[in-house]
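Please work from the sequences and hints to get the whole structure.
Each chain, written out:
2 protein chains.
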Amino acid sequence: MSTALETLKSRLADVNALHSAVALMDWDQQTYMPHGGADARAIHTSTLSRMAHEMFVADETQKALQGATPEGPDDEALLRVVKRDLELATKLPSKLVEEKTRLASVAHEEWVKARAENDYASFAPTLARMFEIAKEEADHLGYTDDPYDALLNQYEEGGTAKDVRAMFDAIRGPQVELVKAIGGQPKVDDSILYGDWEEAKQREFTLMLIKEVGFDLERGRQDTAPHPFCTGWSIGDTRLTTRFKPYIGSAIFGSMHEAGHGVYEQGSPEKWDLTPLAGGVSLGVHESQSRLWENIVGRSLPFWKRFFPQLAEKFPVLSGLGAEGYYRLINKVEPSLIRVEADEVTYNLHVMVRFEIESAMLKGELDVKSLPDAWNAKYEEYLGITPPSDADGCLQDVHWSQGSIGYFPTYTMGNLLSYQFWTKLQEDLGDTDALIEGGEFGKILGWLRDNIYVKGRSMPPKDLVQHVTGRPMDAKPYLDGLKEKYSDLYGL
Amino acid sequence: MSTALETLKSRLADVNALHSAVALMDWDQQTYMPHGGADARAIHTSTLSRMAHEMFVADETQKALQGATPEGPDDEALLRVVKRDLELATKLPSKLVEEKTRLASVAHEEWVKARAENDYASFAPTLARMFEIAKEEADHLGYTDDPYDALLNQYEEGGTAKDVRAMFDAIRGPQVELVKAIGGQPKVDDSILYGDWEEAKQREFTLMLIKEVGFDLERGRQDTAPHPFCTGWSIGDTRLTTRFKPYIGSAIFGSMHEAGHGVYEQGSPEKWDLTPLAGGVSLGVHESQSRLWENIVGRSLPFWKRFFPQLAEKFPVLSGLGAEGYYRLINKVEPSLIRVEADEVTYNLHVMVRFEIESAMLKGELDVKSLPDAWNAKYEEYLGITPPSDADGCLQDVHWSQGSIGYFPTYTMGNLLSYQFWTKLQEDLGDTDALIEGGEFGKILGWLRDNIYVKGRSMPPKDLVQHVTGRPMDAKPYLDGLKEKYSDLYGL
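First to last, the sequence lines map onto chains P and S. Take the first sequence: its position 492, counted from the start at 1, is 493 in this note's numbering, and no numbers get skipped. Take the second sequence: its position 248, counted from the start at 1, is 249 in this note's numbering, and no numbers get skipped.
One or more of the hints may lead you astray.
As the list makes no split between identical chains, a pair holds if one copy fits it or if it spans any two.
Stated by the list, open to error - 25 Å max Cα-Cα, derived SDA-like pairs, lysine to any residue:
id : residue 1 : residue 2
1  : Lys-425   : Asp-164
2  : Lys-101   : Ser-11
3  : Lys-425   : Trp-448
4  : Lys-64    : Arg-51
5  : Lys-84    : Arg-12
6  : Lys-96    : Thr-4
7  : Lys-181   : Met-2
8  : Lys-463   : Asp-164
9  : Lys-96    : Glu-7
10 : Lys-10    : Thr-102
11 : Lys-10    : Ile-44
12 : Lys-96    : Ser-3
13 : Lys-10    : Ala-59
14 : Lys-101   : Ser-405
15 : Lys-379   : Lys-477
The hints are simulated quantities; they were obtained by calculation from the structure and are not laboratory data.
Below is the structure:
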């Protein structure tokens, strides 16, 4: 006779196998699947997703969870995580989930068209319904202060609108000021970084980089996809994708970013492999790791003192820049319209606009009709530029059309946490510039693994931040870090 | 309220999604999966296979099948096919299936080791148990005349040992005679076909070939794998793999072979996509299509009159051969030890040895201890050569270690049927040499599609052969075809 705990674990293993199948089907669709496979793939993934959901929320799972007696701290953590996941999965009525799924698929098509034709009005009614659904979701999930809390909590356990506001209040002033100060300096001409870069050489170079920083290619791989992502099935199989663009930094920093997600997944404890305790704890913490490797390590001067010679060997046209020159160009700051192309300094300002708008929409303080004007006003206020069209303005992101409302702030959390973790790492490891220039990435990765990755999902993200850094999420290390780096770069 | 037929179809769709997941996981494992993913992959595929099996044999499926009322001939065919599949799936006790699965995994390791060390004795006890299991399987599946019938029927519906014996009796004498006659002629020196052929050029050339003959790369792709295979998920997504070896023919004829399987799958009717009626009807008929494109088309003179110039352009070292010279070399006949490297004429003799041995083992007329001697005696009798070791003899094939007993004859059925179908095709289309040399493969493929592929699995294979050619499987077209081709080649 199985115990309730064994029954629970066995059901979770079945659910894990189904999710793994869907994840492989998604990976395959974005990398290798021939065009003609799309219809069948949609049927297969939706069928398997439904089966996984049915199996997870079934009475048998609920009963097994209720009856399960933990046999130690790992089991306690498992039960806590499963209880949370199960509550989230069951609180939303399946009718609402179904409507949202159907609407999202329609909305995506409408969004693509509206963006292409710069026709916000055609998309507005669907967007309005999507926000209504988000409000209904929040009601079903439940909240005390703000409907936003219920939505954000899905992506970032325990995250609240209040936290997010405090976070943005802390950085808004200094970031806008820094952007303005940089704007007063001479413009950086980085046109040499644009060209027809040979794909095979970019691939070799980025593979070398991610391997050097510690992404294990025996337990992972890198492929090409239209939009870079990281996915995986076990600590033995975590995969990245990248893409090749005319800007030489696209593949390089995109690869470093995804490798940051990848080393987090690869560093998850083996004992939790294939269970709900495996992998990264939240979107914010996950993003802190990708941003740490992309920005703090990858866009640093010591990093390029180490790797610029190899880059210049592959692309001799760049060799005249030298490591220092290249470092200057890849850290060019300039307010721009498109979030995904924004530099490190202006990035959060884009996120802030989105958070403020989605938050106001949820509260009914802003309606879809007024959204484009509100968007443009905020771009003028925070970035000093006005989008010439809605296509380059409020229609640029895919997220709301998918129903991902309450998700944007995790990008900024990741930015802040990357510096907060790094500051603690520096306290423990000392001269990180020397480590980076010396290629001793194993020491950096080892610290991250021992302090963060090894916890998997066993601690809620807020507890993890407190545990690792001795304090809650804090903007200071981030603001100090940016100020130091860019004052030096721009002679402020 | 759903009808029983609707319930059945819905359950079959779920089973199809699960099988698709396992097939994608298998494809991925053989093409792109990093080494470290193997353990998790084994867990995921076995979990999903178990779920698919449980869902298929469940009472709900059985009841839905019993209660289903067909609404037309398609439904009638569906119910017939599902009834057969379900009977096969339920007749074997799960305890036996489990033991076989476990033994197969042990046996595979033992077989690899035994082959590498030429140590048949170490593998013999496991092989003995595998044959006992095969006998038990036959008992559970049921048969009238011969336990072999029950096993073969799993691979080839309605196939019997009697058919197989008649087939081999019909070809044994003429094939052995033809091989002897060729052996009396001067040896062909094909050493120029061995070399260090550039992989990228081989890939380009084989992709061009399979596209030319009609494999649709919008609905399929070709990757590299250690052992070539064809797999798929829908008529919109059928995939081939190939491999690159020092023999120039390996990738070329391997690709043509797999593309033959591929065009069969791609030609399945859209209305049956993702249902049990989709795809190829049996292993024998499937193999007839791969062998038709590989041998009858791909190893013909008109084919190389058309494509040799492009081959010589990629590999100029071959250009001196000309189409005729190349045609001679790729059709070199020579008795050899290894089945998978055998030429068209000697191939069936290898299969015959295996059938006769597995058949005698099942009846208890031969024991595992005597197997190597029996093997070697038959190689001497049919091919005129004696294996110098068991590694090159009875240990060469993976099949028995996997428990695939009763499967080998489908290779020879495929060879015979390829010529039988081709003869009928020639009656209908006329001068096929002109079609091939003119690159009019669409006409050939069109005939195959309209006469064979369009039937999917709706007719049992024997009925299909009768329907298409007006007679049961028949060795004459095959023997006539070989005799004509090789008499000409070897001046007999």
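*Tell me, please, which holds for Lys-101 and Ser-405 at an alpha-carbon limit of 25 Å: within, between, both or neither?*
within (11 Å within a copy, 48 Å between copies)
*Using 25 Å as the alpha-carbon threshold, which applies to Lys-101 and Ser-11: within, between, both, or neither?*
The answer is between: 23 Å across copies meets 25 Å, while 30 Å in one copy does not.
*Intra/inter-copy verdict for Lys-181 and Met-2 if alpha-carbon distance must be at most 25 Å*: Cα proximity of Lys-181 and Met-2: none, with 69 Å in one copy and 66 Å across.
*Indicate which option fits the pair Lys-64, Arg-51 if close means a Cα-Cα distance not exceeding 25 Å: within, between, both or neither.*
both (20 Å within a copy, 23 Å between copies)
*How would you classify Lys-10 and Ala-59 at a CA-CA limit of 25 Å: within, between, both, or neither?*
both (14 Å within a copy, 23 Å between copies)
*Classify it for me, Lys-96 with Ser-3: is the Cα-Cα distance of at most 25 Å met within a copy, between copies, both or neither?*
between (34 Å within a copy, 20 Å between copies)
*Give the relationship of Lys-379 and Lys-477 under a CA distance limit of 25 Å: within one copy only, between copies only, both, or neither.*
Cα proximity of Lys-379 and Lys-477: one copy only (24 Å, versus 83 Å across).
*State whether the alpha carbon distance between Lys-463 and Asp-164 is at most 25 Å within one copy, between copies, both, or neither.*
Intra 11 Å, inter 72 Å, cutoff 25 Å: intra-copy only.
*How do Lys-96 and Glu-7 come out at 25 Å by Cα distance, when the copy is not named: within, between, both, or neither?*
between (32 Å within a copy, 22 Å between copies)
*For Lys-10 vs Thr-102, is the C-alpha pair at or below 25 Å within one copy, between two copies, both, or neither?*
between (29 Å within a copy, 24 Å between copies)
*When no copy is named, should Lys-84 and Arg-12 be tagged within, between, both, or neither for a Cα gap of at most 25 Å?*
within (14 Å within a copy, 30 Å between copies)
*asked:* My question is about Lys-425 and Trp-448: at a cut-off of 25 Å on alpha-carbon distance, are they close within one copy, between copies, both, or neither?
replied: Within. Shortest intra-copy distance 10 Å satisfies the 25 Å Cα cut-off; inter-copy 72 Å does not.
Taken one by one, the earlier hints fail for this structure only at number 7.
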